[in-house]
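> As they're listed, the protein sequences go chains A and B.
For reference, each letter of the first sequence is one residue, going 5 to 317 in my numbering.
For reference, each letter of the second sequence is one residue, going 31 to 288 in my numbering.
In short, the hints are calculated from the structure, not lab data.
All figures in this text were calculated on a predicted structure; none of them were measured in a lab.
Every residue, glycine too, gets a C-beta built ideally from N, C-alpha and C.
Incorrect hints may appear among the rest.
[Claimed, not checked] Straight line, CA to CA, 27 angstroms or less: simulated DSSO-like cross-link-like pairs of lysine-lysine: (1) B:Lys-284 with A:Lys-137; (2) A:Lys-109 with A:Lys-136; (3) A:Lys-109 with A:Lys-137; (4) A:Lys-137 with A:Lys-125; (5) A:Lys-109 with B:Lys-284; (6) A:Lys-109 with A:Lys-75.
[Unchecked claim] Chain A residues, not near chain B, derived (Cβ > 10 angstroms throughout): (7) Asp-72; (8) Gln-94; (9) Glu-128.
[As the list claims (entries may be wrong)] Listed next, the stretches of chain B that the computed footprint assigns to chain A, with coverage defined by at least 3 CB atoms under 8 angstroms from CB atoms of chain A: (10) 33 to 43; (11) 128 to 137.
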Amino acid sequence: MSEAAILTEGLSKSFGAQAAVSALSLKIQTGAVYGFLGRNGAGKTTTMRMLLGLVRPTRGSARVLGLDPAKEPELLRILERVGFVPQRKQLYGWATPAELVRMNKAYFPSWSDDAAAGVAKRLEIPMKMPFKKLSIGNQSKVALLLALAQGADILILDEPTAGLDPVMVDEILRTLIEDHISQGRTIFVSSHHLGEVEQICDWVGVLEEGRLLLESRLEEIRQEFRLVIASGEGLPVATSPNLVSATTDGRFRRYVVTREAERFAAELRGQGATILEVSPLGLRELFLHLVRKEDPCTPGNAGAKAAPVSSFS
Amino acid sequence: MYAWKCWRESRARFIFLLIMFTVTALLFTLGPGLGERNGWWYFDRSEYLSNPWSTGHMVFSMILGVLWCSGFLSAVFLGATASGSEIEPGTIEYLWTRPRTRTSVTWTHWGVCVAEMVIVAVVPLYLAAALLGTLTRHWNSSGQVISELLIAPWVMLIVGLPLLGLTTLMTALRRSASGGLIYTSGVVIVYALLRQIIIVPLHLNPPTLFTGPLVWLVNNNQFGASPIAFPWGALWRAVFLAAALPLAAQYLLKRAEV
């Protein structure tokens, strides 16, 4: 693999006493499509902003395309090569998308008019209407168009499909796959739509309260992660190094394990448990198991913690 | 391209100010000749031809009496479109992720505002001067008035620049256009009140901070007023503040996180 497109080491950001991101170490290879998952307020947006120089880290360092966003001359070179779609897709209300395209074009040497026209046509963007009069969905599409036509080496997308209907989401994902992923460009995307992430990403990172809970290839998640449901008295909370999380649901205990799920199940059987199910885990189920701290169905389970970082990198 | 964006965002304010000041200056210039007869307006040029100096002087005094604040008004209204005003509505994320330094963004906006302020100050007064010279047909007789009319916009501009810097700074500090306008007005009002508190009860007469050239221009054009020396100290203070306040805004914006 070539040099990392995005690299962070112990990256931290605090707002007063509140830690938004804690000691985050990411390594996103060039050409990877990295899904950055987490609940609201987990620190995804702050991380992306630190990569673009909008927020200064409290501790740690970040490198984007080998350049340091904390240094202004290097930041300018990063911004020339990184397309960004922010969470709040707020652009100048008085400007039409056509004017925004003209304005943006002047900033980027690798801007492509053909790409802009192609995306505008494919996403059915009304180019002559002022931005403030566009629907939220169309505003999101304009923000995407500006990032996609920029000819960027890296796309940083913060919830790019928020507010879009399923047809448009599908069209955007197709555009991303055809125009960017197929050309080996790097995409760093945060989203709450796990189905989308599964569709386009090859890497996934899960952030919770500013800490990276999990970083793994999506393929490995599909192959390695298993849900083990057991019943019985006095079952252990955590015994195996492969255990990611354990939650109680009434009389049952649900374990999420990586690798050797059968051996883990056998260990539980040895402790008197009845194994009800050992099944593969989808991204959605894994995410819910990782970030859910307490099961609302079982008051007795309050405080059961998600597992610490389990990284394959 | 950012200059175009600045122009596009401030052009409505610019056109409004330009029309307002130009119409005012032209009305005052034509005022001495305008009359009403049988319900119709008519224009009589005899006043301009018979008393060119006194008519010119009266016109200039009236124009200055109203337009002395044009530099301040343009500075405040145009300055409130500075990049700091984009933080609250959220467009700053777009702006600051373009490959341009925040310094260049701040000074490009400043440059566009200064250009607009020059036009807003120069056009009304130079039009008035040209009209006055034409109407009196005696450029020499009204020469002093016309030369003062030609100097006046630059004096208004110089004393307006510190306020442009103050508005840029307050906009960066409050992170919104309305916050910038309110805080600039607040600072100006508090300064004026403090000055009055010092002048009236204490019977002191401290020099003006930076408006001296404007005071000089207005005083020198009152009938019977004895000429006063040009306040060079106030001029230098105006130049210093015109540079220092936008620099402070630049520093603030460079360190800002969004």
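> Each hint should be assessed against the structure and marked as holding or not.
How the hints compare with the structure:
1. At roughly 32 angstroms between alpha-carbon atoms, Lys-284 (chain B) and Lys-137 (chain A) are farther apart than 27 angstroms, so this suggested pair is violated.
2. Restraint check: the Cα-Cα separation between Lys-109 (chain A) and Lys-136 (chain A) comes to about 21 angstroms, which is no more than 27 angstroms; the hinted pair holds.
3. Taken as a hint, the Lys-109 (chain A) and Lys-137 (chain A) pair is honoured in the structure, with Cα atoms around 22 angstroms apart against an allowance of 27 angstroms.
4. For the suggested pair Lys-137 (chain A) and Lys-125 (chain A), the alpha carbons sit about 19 angstroms apart, so the restraint of at most 27 angstroms is met.
5. For the proposed pair Lys-109 (chain A) and Lys-284 (chain B), the alpha carbon gap of about 24 angstroms is at most 27 angstroms, so the pair holds.
6. Only pairs whose Cα atoms come within 27 angstroms are accepted, and Lys-109 (chain A) paired with Lys-75 (chain A) is accepted, the gap being roughly 24 angstroms.
7. Listed as a non-interface residue, Asp-72 (chain A) keeps its Cβ farther than 10 angstroms from every Cβ of chain B; the least gap is roughly 15 angstroms.
8. The beta carbon of Gln-94 (chain A) is not kept farther than 10 angstroms from every beta carbon of chain B, the shortest such distance being approximately 4 angstroms.
9. Consistency note on Glu-128 (chain A): stated as away from chain B, and its beta-carbon is indeed over 10 angstroms from all of that chain's, at 22 angstroms minimum.
10. Counting residues of the stretch 33 to 43 of chain B whose C-beta lies closer than 8 angstroms to any C-beta of chain A gives 4; at least three are required, and the coverage claim holds.
11. For the stretch 128 to 137 of chain B, the stated coverage by chain A is satisfied: 4 residues place a CB nearer than 8 angstroms to a CB of that chain, which reaches the threshold of 3.
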